[in-house]
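J.: Protein chains in written order, with my numbering: chain U, 1 to 322; chain H, 1 to 331; chain R, 1 to 364.
No lab work stands behind these hints: they were computed from the structure. In this text, all values refer to a predicted model and were calculated from it rather than measured experimentally. We treat Cβ as the ideally placed atom computed from N, Cα and C, and that holds for glycine. Treat the hints with caution; some may be incorrect.
As the list claims (entries may be wrong) - Some chain R residues near chain U, calculated using beta-carbon distances under 7 Å:
#, residue
1, Leu132
2, Ala134
3, Val141
4, Thr143
5, Ala153
6, Tyr157
7, His234
8, Leu329
9, Ile331
10, Gln334
11, Ala343
12, Met347
Unchecked claim - Derived DMTMM-like pairs: lysine to aspartate or glutamate, alpha-carbon spacing no greater than 25 Å straight-line:
#, chain 1, residue 1, chain 2, residue 2
13, R, Lys6, R, Glu353
14, U, Lys232, R, Glu282
15, R, Lys164, H, Asp66
16, H, Lys97, R, Glu274
17, R, Lys363, R, Asp9
18, R, Lys135, R, Glu236
19, H, Lys97, H, Glu70
20, R, Lys164, H, Glu324
21, R, Lys164, H, Glu96
22, R, Lys164, R, Glu274
23, H, Lys97, H, Asp115
24, U, Lys320, R, Glu236
25, H, Lys97, H, Asp24
26, R, Lys164, H, Asp153
27, R, Lys164, H, Asp319
28, R, Lys240, R, Glu228
29, U, Lys232, H, Glu96
30, H, Lys97, R, Asp9
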Amino acid sequence: MDFATLLQMLDATLRLATPLLLACLAGLFSERAGIFDIGLEGKMLAAAFMSAAIAAVTGDVWLGLLAGIGASLVLSAIHGVASITFRGNQLISGVAINFLAAGLTVVVAQSWFRQGGRTPQLSGDGRFNPITLPFAETLRDVPVIGPIYFELISGHTILVYVALAMVPLTWWILYRTRFGLRLRAVGENPAAVDTAGVSVVGLRFAAVGICGVLVGIAGAYLATALQAGFVKDMSAGRGYIALAALIFAKWRPWYALYACLLFGFLQALSLRPDIITGVIGFRVNGQFLDVLPYILTVIILAGFVGKAIPPRAGGQPYVKER
Amino acid sequence: MTVMHKLLGASAALALSAGAAAADPAILFDLGGKFDKSFNESAYNGAERWATETGGSYAEVEIQSDAQREQAIRRFAESGANPIVMAGFSWATPLEKVAADYPDTSFTIIDMVVDAPNVRSVVFNEHEGSYLVGMMAAMASETGTVSFVGGMDIPLIRKFACGYAQGVLAVNPEATVIANMTGTTPAAWNDPVKGSELTLAQISQGSDVVFAAAGGTGVGVLQTAADSNILSIGVDANQNYLHPGQVLTSMLKRVDNAVYDAFTQGEALETGFNVMGVANEGVGYALDEFNADLVTADMQAAVDAAAADIAAGTLAVHDYSSDESCPALTF
Amino acid sequence: MDVMPKWADVILIPLISILLAAVLSALVILAIGESPWAALKLMVAGALGSTYGWGYTLYYATNFIFTGLAVSVAFHARLFNIGGEGQAVLGGLGVALACLYIPWPHWSLALIGAGLMAAAFGAAWAAIPAFLQAKRGSHIVITTIMFNFIAAALLNYLLIGALKVPGSMEPATATFPPATHLPSFQDMFNFGDTTFFRGAPANVTFFVAVAACVAIWALIWRTRLGYELRSFGHSESAAKYAGISPTKIIMVTMLVSGGLAGMMAINNVQGEAERLVLNAVEGAGFIGIAVALMGRSHPFGVLLAALLFGFLYQGGAELALWTSIPRELIIVIQALVILFTGALDNMVRMPLERLFLAMRRAKQ
Chain U
1 MDFATLLQML DATLRLATPL LLACLAGLFS ERAGIFDIGL EGKMLAAAFM SAAIAAVTGD
61 VWLGLLAGIG ASLVLSAIHG VASITFRGNQ LISGVAINFL AAGLTVVVAQ SWFRQGGRTP
121 QLSGDGRFNP ITLPFAETLR DVPVIGPIYF ELISGHTILV YVALAMVPLT WWILYRTRFG
181 LRLRAVGENP AAVDTAGVSV VGLRFAAVGI CGVLVGIAGA YLATALQAGF VKDMSAGRGY
241 IALAALIFAK WRPWYALYAC LLFGFLQALS LRPDIITGVI GFRVNGQFLD VLPYILTVII
301 LAGFVGKAIP PRAGGQPYVK ER
Chain H
1 MTVMHKLLGA SAALALSAGA AAADPAILFD LGGKFDKSFN ESAYNGAERW ATETGGSYAE
61 VEIQSDAQRE QAIRRFAESG ANPIVMAGFS WATPLEKVAA DYPDTSFTII DMVVDAPNVR
121 SVVFNEHEGS YLVGMMAAMA SETGTVSFVG GMDIPLIRKF ACGYAQGVLA VNPEATVIAN
181 MTGTTPAAWN DPVKGSELTL AQISQGSDVV FAAAGGTGVG VLQTAADSNI LSIGVDANQN
241 YLHPGQVLTS MLKRVDNAVY DAFTQGEALE TGFNVMGVAN EGVGYALDEF NADLVTADMQ
301 AAVDAAAADI AAGTLAVHDY SSDESCPALT F
Chain R
1 MDVMPKWADV ILIPLISILL AAVLSALVIL AIGESPWAAL KLMVAGALGS TYGWGYTLYY
61 ATNFIFTGLA VSVAFHARLF NIGGEGQAVL GGLGVALACL YIPWPHWSLA LIGAGLMAAA
121 FGAAWAAIPA FLQAKRGSHI VITTIMFNFI AAALLNYLLI GALKVPGSME PATATFPPAT
181 HLPSFQDMFN FGDTTFFRGA PANVTFFVAV AACVAIWALI WRTRLGYELR SFGHSESAAK
241 YAGISPTKII MVTMLVSGGL AGMMAINNVQ GEAERLVLNA VEGAGFIGIA VALMGRSHPF
301 GVLLAALLFG FLYQGGAELA LWTSIPRELI IVIQALVILF TGALDNMVRM PLERLFLAMR
361 RAKQ
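Please put together the full structure from these sequences, using the hints given.
T.: Set out below in structure tokens:
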């Protein structure tokens with residue numbers, strides 16, 4: 001495998017890891033506050049549809065992005081009301097949200113656009129176009145660094161850079177702000193936070209809201225940046241892979257980046273069977289590569305390679321003692 | 001149309017079946033849906049053409065899962081629809097089961113053969129049409145590398161790929177043909193994200209013309225080709241209009257004609273085996289105002305000559321599905 | 001804590017929840033410009049208006065009884081088995097292997113043999129997540145989700161490889177030999193001139209499913225194991241104190257649950273398709289969650305809820321055939337049922353409890 005091919009692979013990795021990363025960080029905020037969220041998949045799908053639909057109708061991708069985030073936030077609100085206000089089972093609520101999105105996107109898309117559950121193709125300002133970073137063209141011919149900067153770092157859509165920037169930002173919010181400290185505390189020991197006079201319900205709703213925004217961006221990225229329109233089931237299990245990445249990352253922001261890049265790389269690798277055969281000398285089964293993230297997650301969960309310990313109060317509704 | 005209206009229509013159709021009067025034809029689309037911009041849409045266009053020309057009406061359904069297939073055929077047969085046209089090879093198994101139960105109904109299946117007295121089986125020589133567009137790809141390519149993105153990895157799609165590779169190598173024996181399949185499940189027909197990533201991977205390997213035979217996935221392939229300023233080739237329906245000036249041509253598979261013929265023949269449908277190839281204009285390549293600037297006179301002359309040879313039988317294109325092997329390409 | 005009479009808990013709350021789900025579904029239909037009333041009439045006519053419709057309704061219901069029971073059994077031990085989908089996939093594999101490679105002399109023996117294989121394969125697929133939960137504390141919800149994906153990929157691998165018919169386009173096994181074909185309702189209720197259930201896929205498996213309901217009821221409320229299972233679900237620490245081994249309960253519960261989900265395959269694989277196709281399960285594993293929640297995890301409730309969902313499925317298919325309402329509407333309804341009967345249970349329960357409390361005070 002030569003240098004140019006490697007760069008191309010890493011370029012694809014970055015593109016494919018972006019939705020995983022955004023969804024994974026979304027889940028991180030929610031789960032760190034003690035709210036399990038297996039509804040990432042559904043929110044991503046709903047956001048993908050709404051962003052593409054609004055971008056197609058208005059021709060403005062930024063309005064599309066806002067609409068996508070809005071759709072995701074509505075589902076987040078349902079999850080919040082069910083699992084925080086009414087102290088329902090968070091897992092069941094997540095399952096319901098996934099089905100709601102899977103069904104509603106197609107029903108609405110069909111009645112709105114009549115294209116078999118699809119939105120019209122987006123073009124021009126209707127989608128996020130790649131941006132060339134400063135000096136990319138001039139530095140292109142500098143050996144090694146030039147191609148890396150031009151091919152790999154420059155030339156992505158703005159949302160890719162947003163996702164990457166979210167990693168240090170998430171770290172800073174969680175570990176360097178008072179809000180972050182409280183957020184983590186609410187996921188470990190909500191009673192103590194309550195005793196300190198801080199609203200558990202408020203903090204958890206804030207976390208679920210941040211989760212909705214981030215996963216909304218992930219969905220919009222799928223439909224308006226990676227692709228030029230929505231098709232049915234386009235999230236294709238990415239919400240679950242993000243969940244797997246979150247466990248793989250042991251609920252930490254920087255590890256989340258590494259896990260998502262790894263899973264993104266696996267997806268990029270499955271597009272190039274010729275490279276795998278070239279490097280290791282025999283054909284690897286495509287299905288095997290596709291499920292590798294899930295198998296790795298089960299192994300991590302089983303504690304064979306370090307132990308993944310979820311936030312202690314995760315999944316439990318908080319009942320104030322009287 | 002409101003539900004009530006359709007409901008009344010449905011019960012009317014049910015009433016008709018008792019008297020076995022002249023009934024409407026029906027078409028059953030495959031999983032991609034009738035607006036997939038390729039195979040199903042071509043079938044839909046055929047039905048629409050018949051409806052506009054004759055002023056008739058027809059029943060249709062887009063199924064959402066494999067389990068609905070048998071049910072859909074039965075419901076239409078019981079409602080008196082005749083003939084019933086099915087687009088797609090996946091209808092073969094349920095049709096084999098059902099056809100005998102409705103001996104008075106004529107069925108047409110496209111892309112597969114079902115051996116029953118009341119079934120007309122229409123298959124296409126996709127390898128011939130793919131050969132023609134493969135020639136054009138090789139002539140348009142500047143890098144000497146061209147590529148193919150298939151939908152689900154099945155013999156039918158390999159037949160496209162194999163014909164395409166033969167056409168490329170006929171023009172330029174030194175050319176490289178890269179072939180990738182999107183997946184091994186029906187989801188591969190509807191995964192534009194992966195189609196687009198596969199295209200980018202092929203471009204990085206030097207490809208500058210990509211042929212997509214991938215249903216809805218092809219939308220992503222053509223989009224990425226246009227974004228990356230390389231040429232693409234559409235499939236089944238004429239897809240030249242999707243990206244004017246950037247789609248070299250489309251491999252036409254006249255599913256619309258097959259549907260139109262079946263609807264026109266009506267209940268007295270001629271059953272049996274029906275092959276649509278270059279010779280009877282069942283497959284071909286598309287030329288219109290959107291790609292006129294891309295197709296040179298040389299290109300057109302060469303392709304038309306090859307088409308004439310194929311039609312005359314002097315040029316034989318190897319059919320992958322005949323022996324599951326391809327002389328021009330390894331999968 | 002008995003602020004409400006039992007009938008309110010068992011009947012009134014589910015009824016209100018379903019009513020809420022129905023009202024919202026009707027609003028969705030209105031929003032896409034169709035008439036909910038006409039849609040309902042079409043669904044009733046299509047699903048219950050003929051023996052043909054009933055044949056489909058009961059066929060779907062049979063699937064949902066199995067997966068619903070699977071989720072219910074796990075719920076009793078406070079385990080959430082979201083892996084019914086993958087377990088049913090593996091069950092299908094078991095059925096296919098049994099039917100393709102063993103020369104059965106008669107369908108009744110094939111039913112028993114394939115049923116055992118289906119249960120064994122489903123149970124084996126549930127055993128790994130169960131073991132990881134019991135021994136390593138890995139969250140069973142996450143592991144069963146992962147196992148759903150792994151099962152789908154495994155089946156895909158086999159159906160385009162070892163089990164595929166050479167030259168065939170479809171990823172599917174060969175059709176099973178005629179000796180393994182189960183009698184359908186059409187075969188069983190054929191009285192000379194009048195054929196009932198013509199062309200419908202409901203088959204003898206329906207009676208197996210009903211028998212499974214009775215067996216699970218007996219297991220949970222009439223055996224020592226069932227008692228242990230329920231006490232474990234009630235309070236893990238109290239159960240431990242009473243000498244009940246958590247490992248044993250988790251393992252046994254999940255084996256039973258996975259086995260039930262796997263047994264669904266005798267209906268859809270052996271009974272209907274008579275070969276194994278890629279997406280044979282079609283989400284029935286997930287519908288099991290809705291069915292279990294609605295049926296309050298009681299086998300009789302599961303039976304009723306499965307019938308309701310069978311009706312929804314068949315009615316939904318009719319809607320898709322005759323109107324422009326897509327079949328995905330059923331997924332929306334299913335989501336709303338899960339939401340209201342599961343996650344938002346307290347939304348209905350809390351005001352009702354207050355109401356009953358107020359009524360009791362007024363009486364005193």
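J.: Each hint: holds or not?
T.: Do the hints match the structure? See the list:
no.	hint	in the structure
1	Leu132	5 Å, holds
2	Ala134	12 Å, violated
3	Val141	5 Å, holds
4	Thr143	6 Å, holds
5	Ala153	4 Å, holds
6	Tyr157	5 Å, holds
7	His234	16 Å, violated
8	Leu329	6 Å, holds
9	Ile331	3 Å, holds
10	Gln334	6 Å, holds
11	Ala343	4 Å, holds
12	Met347	5 Å, holds
13	R/Lys6 to R/Glu353	12 Å, holds
14	U/Lys232 to R/Glu282	16 Å, holds
15	R/Lys164 to H/Asp66	17 Å, holds
16	H/Lys97 to R/Glu274	11 Å, holds
17	R/Lys363 to R/Asp9	20 Å, holds
18	R/Lys135 to R/Glu236	15 Å, holds
19	H/Lys97 to H/Glu70	8 Å, holds
20	R/Lys164 to H/Glu324	14 Å, holds
21	R/Lys164 to H/Glu96	19 Å, holds
22	R/Lys164 to R/Glu274	15 Å, holds
23	H/Lys97 to H/Asp115	11 Å, holds
24	U/Lys320 to R/Glu236	22 Å, holds
25	H/Lys97 to H/Asp24	23 Å, holds
26	R/Lys164 to H/Asp153	13 Å, holds
27	R/Lys164 to H/Asp319	21 Å, holds
28	R/Lys240 to R/Glu228	10 Å, holds
29	U/Lys232 to H/Glu96	30 Å, violated
30	H/Lys97 to R/Asp9	47 Å, violated
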